[in-house]
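We have chain A already, so just place chain B on it with the hints.
So the protein lines, in turn, are chains A and B.
For the first sequence, the numbering used here begins at 1 and goes up steadily by one.
For the second sequence, the numbering used here begins at 1 and goes up steadily by one.
I should point out that these hints are in silico values taken from the structure, not numbers from a laboratory.
Computed from a predicted model, the values in this text were never measured in an experiment.
Careful, some of the hints might be misleading.
Unchecked claim - One-sided excerpt, in silico: chain A residues whose CB lies under 7 angstroms from chain B:
no.	residue
1	42
2	72
3	75
4	85
5	119
6	146
7	183
8	184
9	314
To be verified - Below, simulated DSBU-like cross-link-like pairs (lysine-lysine); rule was C-alpha separation at most 35 angstroms, straight line:
no.	chain 1	residue 1	chain 2	residue 2
10	A	39	B	95
11	B	42	A	56
12	A	56	B	24
Claimed, not checked - Covered stretches of chain B, going by a simulated chain A footprint (3 or more residues, C-beta under 8 angstroms):
no.	region
13	36-47
14	52-65
15	68-80
All residues carry an ideal CB built from backbone N, CA and C; glycine is no exception.
Spelled out from the first residue to the last, the chains are:
There are 2 protein chains.
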Amino acid sequence: MALDRLIEAIVEKQNPTVAGLDPKLDYIPAYIREASYEKYGKTLEGAADALLTFNKGLIDALYDIVPAVKPQCAYYEMYGWPGVKALHDTIAYAKEKGLFVITDGKRNDIGATMTAYAAAHLGQVPVEGELVSPFGADALTVNGYLGSDGITPLLTVCREQDTGIFVLVKTSNPSSGELQDRLLDDGKTLYAAMGDRCEQWGGQLPGKYGYSGVGAVVGATYPAQLQEMRKAAPHTFFLVPGYGAQGGAADDVAPGFDEKGLGAIVNSSRGIMCAWQKAGQKTGQDGKNYGQAAREEAIRMRDAIVARIGKISL
Amino acid sequence: MALDRLIEAIVEKQNPTVAGLDPKLDYIPAYIREASYEKYGKTLEGAADALLTFNKGLIDALYDIVPAVKPQCAYYEMYGWPGVKALHDTIAYAKEKGLFVITDGKRNDIGATMTAYAAAHLGQVPVEGELVSPFGADALTVNGYLGSDGITPLLTVCREQDTGIFVLVKTSNPSSGELQDRLLDDGKTLYAAMGDRCEQWGGQLPGKYGYSGVGAVVGATYPAQLQEMRKAAPHTFFLVPGYGAQGGAADDVAPGFDEKGLGAIVNSSRGIMCAWQKAGQKTGQDGKNYGQAAREEAIRMRDAIVARIGKISL
Numbered sequence: 001m002a003l004d005r006l007i008e009a010i011v012e013k014q015n016p017t018v019a020g021l022d023p024k025l026d027y028i029p030a031y032i033r034e035a036s037y038e039k040y041g042k043t044l045e046g047a048a049d050a051l052l053t054f055n056k057g058l059i060d061a062l063y064d065i066v067p068a069v070k071p072q073c074a075y076y077e078m079y080g081w082p083g084v085k086a087l088h089d090t091i092a093y094a095k096e097k098g099l100f101v102i103t104d105g106k107r108n109d110i111g112a113t114m115t116a117y118a119a120a121h122l123g124q125v126p127v128e129g130e131l132v133s134p135f136g137a138d139a140l141t142v143n144g145y146l147g148s149d150g151i152t153p154l155l156t157v158c159r160e161q162d163t164g165i166f167v168l169v170k171t172s173n174p175s176s177g178e179l180q181d182r183l184l185d186d187g188k189t190l191y192a193a194m195g196d197r198c199e200q201w202g203g204q205l206p207g208k209y210g211y212s213g214v215g216a217v218v219g220a221t222y223p224a225q226l227q228e229m230r231k232a233a234p235h236t237f238f239l240v241p242g243y244g245a246q247g248g249a250a251d252d253v254a255p256g257f258d259e260k261g262l263g264a265i266v267n268s269s270r271g272i273m274c275a276w277q278k279a280g281q282k283t284g285q286d287g288k289n290y291g292q293a294a295r296e297e298a299i300r301m302r303d304a305i306v307a308r309i310g311k312i313s314l
Numbered sequence: 001m002a003l004d005r006l007i008e009a010i011v012e013k014q015n016p017t018v019a020g021l022d023p024k025l026d027y028i029p030a031y032i033r034e035a036s037y038e039k040y041g042k043t044l045e046g047a048a049d050a051l052l053t054f055n056k057g058l059i060d061a062l063y064d065i066v067p068a069v070k071p072q073c074a075y076y077e078m079y080g081w082p083g084v085k086a087l088h089d090t091i092a093y094a095k096e097k098g099l100f101v102i103t104d105g106k107r108n109d110i111g112a113t114m115t116a117y118a119a120a121h122l123g124q125v126p127v128e129g130e131l132v133s134p135f136g137a138d139a140l141t142v143n144g145y146l147g148s149d150g151i152t153p154l155l156t157v158c159r160e161q162d163t164g165i166f167v168l169v170k171t172s173n174p175s176s177g178e179l180q181d182r183l184l185d186d187g188k189t190l191y192a193a194m195g196d197r198c199e200q201w202g203g204q205l206p207g208k209y210g211y212s213g214v215g216a217v218v219g220a221t222y223p224a225q226l227q228e229m230r231k232a233a234p235h236t237f238f239l240v241p242g243y244g245a246q247g248g249a250a251d252d253v254a255p256g257f258d259e260k261g262l263g264a265i266v267n268s269s270r271g272i273m274c275a276w277q278k279a280g281q282k283t284g285q286d287g288k289n290y291g292q293a294a295r296e297e298a299i300r301m302r303d304a305i306v307a308r309i310g311k312i313s314l
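Just chain A, same shape as in the assembly:
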């Protein structure tokens, strides 16, 4: 089961964090951008080439210390189909380096259409009898607003392809409560109801270590809710955004973990990707050190969280 593989990688590397790969041109050192424009012009192709080069440098700097990367689809779609090709190539490169890849797409639809998304991101597609893997991630973030018709098509593909999903439960943004915190007529919040669904859906993808193949997104910016959901959804592994740039700290994410240090993986995107810009204030900011700066920041984040939660064991 896919999240078992993620858990094993977390334990092996003693690192419950994932590096978000959300590249914007603004985050990419000039020397990389210029080399790409040299080859492809100041076009979407040029931008996409810069994205991929930047990502590969990050992956090279991180793959032996982080268990997973999380590319965010929006930043690739923003550069059109060449950007989407860079997403594909980034996923392929990360998997080559042994990383677990969570595509952050928050996809949602129903029936045959959800099956198409599942095949696109987590499975294979037949082209006249030949099976092709369009994007090939290990897991995908999804939005459960449409109910089981939007999730069960994924479970079939996840079972067949050893892949997993993370369902949005309580997101990290300030206005997440507008709908997610609304109380339902049984006194539960909407996010708690979504958490219950995750436990139910997860029953179809049981794992070896107590966590199913249906994870949940629960933000670092709401530690009380993280604690509540850790208890309410004991078989649901959490993907925790909101650390660093969004304000979450090690103390805030700690309630997402169980007593073995399992149960959650914490994401940082800008904190890691843009570490060179912060560091550059000292070193001249040409960005040639961006991989090293990312690595140092990833280590700082790992150490801060592990200091708080202790040794991670199966």
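Just chain B now, kept in the frame of chain A:
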């Protein structure tokens, strides 16, 4: 305002329907697929070329009678980045033919990431000072589970780029009620609460004809809810899926319209795209007539709905 343009096109063509472009290889006549494989092999590139050729034929057959097309992202992502390129090329071709394009992506995220999706699908992206339009749709379907942080970034782009959005409110699938029909503590359903949000968000994008630039998705398969929401969200234009293949009929969609015949646009995807397969049982099924069959089905659908709602006027 973008939905004003859609409304004007609906009135001009006296047709409140949109043709869904959700192409799968199974829906595409063999002679098209074979020509594409000849050029690109039995690869994702070959599949994507077949998708694009098929779509162009549909658009050629439909552009003078339907006001809009709705490509569904999942079916393009399913064929990898070449499929996503076919999405881009399909949108460009449809716009060339004067059609209003609704990209059905059900995208959702927050802040800078939602801005990236908005730029990708509804706006422009700077590449070293040059503005490029990555996909260039007129409207995008979105999921509001994350609250205002997920929607307001879109509103800015919509205002600047004359584009619009449709927020999922009550979807057409059997299990849509699992969460959407849950009663909140004020006695309203979740979908009604989402409808209220649409009215609020729409206040920032007012239109000429009483409807804002923030539309809502409300399924044809729930006519009572469609009627309820037409009353509860009087400034919100509805995109109505579920007609035809999913079981909705003209009587079911009628409650979505106001007394002028405005207020809704009804989608049919498989009914139109696959009309040739149904017709082919008579004609030998080589599919060369697929455009004509789609046109006849689109006319049948238009006539059935207009017979029910009457002349559409501004």
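Comparing the hints with the structure gives:
1. 42: holds (5 angstroms)
2. 72: Check passed: Cβ of residue 72 of chain A comes within 6 angstroms of chain B, closer than 7 angstroms.
3. 75: holds (5 angstroms)
4. 85: holds (4 angstroms)
5. 119: holds (5 angstroms)
6. 146: With Cβ-Cβ at 5 angstroms, under 7 angstroms, it holds.
7. 183: holds (4 angstroms)
8. 184: holds (5 angstroms)
9. 314: violated (33 angstroms)
10. A:39 - B:95: holds (31 angstroms)
11. B:42 - A:56: holds (29 angstroms)
12. A:56 - B:24: holds (33 angstroms)
13. 36-47: As far as the region 36-47 of chain B goes, the hint holds, because 6 residues have Cβ atoms under 8 angstroms from chain A.
14. 52-65: Three-residue rule not met by the region 52-65 of chain B, so violated; n is 0.
15. 68-80: holds (count 7)
When each numbered hint is compared with the structure, violations occur for hints 9, 14.
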